[in-house]
Amino acid sequence: GNSVTQMEGPVTLSEEAFLTINCTYTATGYPSLFWYVQYPGEGLQLLLKATKADDKGSNKGFEATYRKETTSFHLEKGSVQVSDSAVYFCALSDRDTDKLIFGTGTRLQVFP
Amino acid sequence: EAGVAQSPRYKIIEKRQSVAFWCNPISGHATLYWYQQILGQGPKLLIQFQNNGVVDDSQLPKDRFSAERLKGVDSTLKIQPAKLEDSAVYLCASSLAGADRGYGYTFGSGTRLTVV
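So the protein lines, in turn, are chains A and B.
The numbering used here applies: residue 119 is where the first sequence begins, and numbers increase by one.
The numbering used here applies: residue -1 is where the second sequence begins, and numbers increase by one.
None of these hints come from the bench; they were simulated from the model.
Source: prediction; values computed, not measured.
Just so it is clear, CB atoms sit at the ideal spot from N, CA and C, and this is done for glycine as well.
Any given hint might turn out to be false.
Each pair of labels, with its calculated beta carbon distance range [said to hold, decoys possible]:
1. A/Glu194 <-> B/Gln39: 22 to 28 Å
2. B/Pro6 <-> A/Ser201: 25 to 31 Å
3. A/Pro128 <-> B/Val52: 33 to 39 Å
Which chain B residues face chain A? A few, computed with CB under 8 Å, are given here [claimed, not checked]:
4. Pro41
5. Leu44
6. Ala86
7. Leu89
8. Gly102
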């Protein structure tokens, strides 16, 4: 079945460091791919998305590129801030059921 | 536009009691989802509605969980009787045209349930 695998956290970085959170997926066909962010005590917010191979989603300095050849959608940011501390979820859409399938999440902690 | 509204934000109940959660999706969003998020895990779909019809409830523990979406707008999720393992955040989400078309979901803030 369709699934998403994320790197385990927590990821701990100093402010202004470079961030990469790895995400790979298994799916039939060509799903849409998403990154959601969950700040402490809040619900999930859509951070960025890509709907076809080689698309790059971007928002708030974060980027992720849909790589069909490696079935990956890694999240990157050039310079993280303390306010980026949150849990990040990679997700894909299931074409058969039209629902989102989430990874287990990666906690990011950024220290000043 | 207004977001997805959920209430209550927090609920503490004893095991074997019943509880209900309410969700009001974004106006015009035909698809509504309830997810369960256990601490440290990703959200797990419980039930998916398209307008007021159920599309997928294969992961809903139907012996204790029930959900309805009357008139294709608001939805309620009920647990009766609750078990300790039901402690989780219950997230409601709505979508304009479904995840597969790239729209993603808009999530509410969730209801944190603690069963003691």
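Verification of the hints:
1. A/Glu194 <-> B/Gln39: 22 to 28 Å: 24 Å, holds
2. B/Pro6 <-> A/Ser201: 25 to 31 Å: Roughly 28 Å apart at Cβ, these two residues keep to the hinted range, so it holds.
3. A/Pro128 <-> B/Val52: 33 to 39 Å: 37 Å, holds
4. Pro41: Cβ of B/Pro41 sits 5 Å from chain A, so the hint holds.
5. Leu44: Violated, about 11 Å.
6. Ala86: 13 Å, violated
7. Leu89: OK, holds: B/Leu89 within 8 Å of chain A, min 6 Å.
8. Gly102: 5 Å, holds
In this structure, the hints that do not hold are numbers 5, 6, in rising order.
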